[in-house]
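Student: These protein sequences, in sequence, are chains A and B.
In this text, residue positions in the first sequence follow the working numbering: the first is 50, and each later residue adds one.
In this text, residue positions in the second sequence follow the working numbering: the first is 50, and each later residue adds one.
Hint data in this document are derived by calculation from the structure and do not stem from the laboratory.
Ideal placement from N, C-alpha and C gives every residue a C-beta, glycine not left out.
Do not take every clue at face value.
[Stated by the list, open to error] Listed below are several chain B residues computed to face chain A (Cβ distance under 8 Å; list not exhaustive):
#1 54
#2 145
#3 146
Here are the chains, one letter per residue:
There are 2 protein chains.
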Amino acid sequence: MGEEVKHRPIGVYDSGVGGLTVVRWLHRVLPQEQIVYFGDTARVPYGGRSRHELVEFSRQIVGFFQEQGVKFVIAACNTSSALALPVVAQEVDVPLMGVIGAGAREAVSVTKTKKIGVIGTQATVTSGAYARAVKELEPVTNVYEQACPELVPLIEGGHRDGEIVEKPLKRYLEPLLERNIDTLILGCTHYPYLLVPIKRLVGTGVEIVDPAEAAAREARDTLEVLGLLSEEKVGEDLFFVSGEPGTFRAAAVQLGYTQRVEHVEIERYTI
Amino acid sequence: MGEEVKHRPIGVYDSGVGGLTVVRWLHRVLPQEQIVYFGDTARVPYGGRSRHELVEFSRQIVGFFQEQGVKFVIAACNTSSALALPVVAQEVDVPLMGVIGAGAREAVSVTKTKKIGVIGTQATVTSGAYARAVKELEPVTNVYEQACPELVPLIEGGHRDGEIVEKPLKRYLEPLLERNIDTLILGCTHYPYLLVPIKRLVGTGVEIVDPAEAAAREARDTLEVLGLLSEEKVGEDLFFVSGEPGTFRAAAVQLGYTQRVEHVEIERYTI
């Protein structure tokens, strides 16, 4: 290998624009790292997909990242972290991490009453990945999981607040609040876009955990242990999508990303 | 890849028997992991070697581990961690970690007076790796490093206490104690074998940090983040040496390891 591994980029993927919330945290804790982002906008949402499909998608994306020469992959997508990562991490040499372990560890350290709520996609909730990860750390904790199938399409459609968002959100959060949770995991990278209405609905008694933040810190620690922290940013961040770049670009600009967004034929790749 | 990555072994290497102290800690925190150990007994001690030689040795050992199909490599040797690892970690895809970062992090969390002593081989001390790692974490800490070139040959020769050990040890520790250190890093995996005389000489006012323990914990955390923790031990630990197996076996048996020890022509391998 010519190039030093530590100066290669980190690959981050998500079903759509949600993973940009992870990129934002990565920029804060790892400003020297170059990011290659892939948003699977042609196949969003992931929430209703089967494990088989999600594993296949993840193999294609990791294959694309390998061709881009990444040193590390972060599955920013909770659904893919829950269903695809346990399989794909066993098939490749490039180190991979997801967001669920980090989110579970953060929630366990935050909760006082040991009643944790999780909102996520149907696939994430059905997988039980958060409940499993939390109970491995703290067996006596109660984890209440709520699938929120309407939220990702709303967020990908540009909605951030208002009645159109608040109505389903209220319906999703009520059963969790009735359980007296003191901690709520935003178990989908899209949900931080709805932080304002979520905070309003849950009130000040519930601590909100964004796994993206915890994952960014764990990524930094892991790269440090492996001697793979970059010392200087060697290139611009790169953004790729499987769908049409225009919509994604609009969402990216909202978050302050002005880089070019390129289309990639993701189905051509595999590990 | 047929086999699941998480059920592959962890490779651990050291210049000689010293790294077995790391294996002991790994057995405690990661009982389900299979270990492949390599002791470079034909070329011990590493302490007086050049960076060029140490990089070459490390490439051979990592190449051997790759042929053994390891999922993760721990350089238990401080000298190799300080001098070879920053180079070799940039050349291979298999994740590698050393013991210096873990030892530095542990020492920084333990010290109250911010005066840390380090004992190590000549090469480790000359590299300044511990001072650098500590100061990255806590810039205002004082780090006093002392090379102890006579200790590894004594330990490899079977000595654990008595005048033959105490005399040089006293000479090495006195300058550190005069600086009023409150924390002493055992910056060579051999030194825990001398824990009894070291404790006697430094007294109760100095906390002793064995980087092997911290490294084993960081290895567990890193494998957990990467989804590579083994769920069950799938094979016996394997022990290899570059020299004659007999002497190593005697030292291994002292620590309770009764497995076979095999010779390997390490110079035939490379990454």
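Student: Identify every previously stated hint that the structure contradicts and give their numbers, smallest first.
Tutor: Structure breaks no hint.
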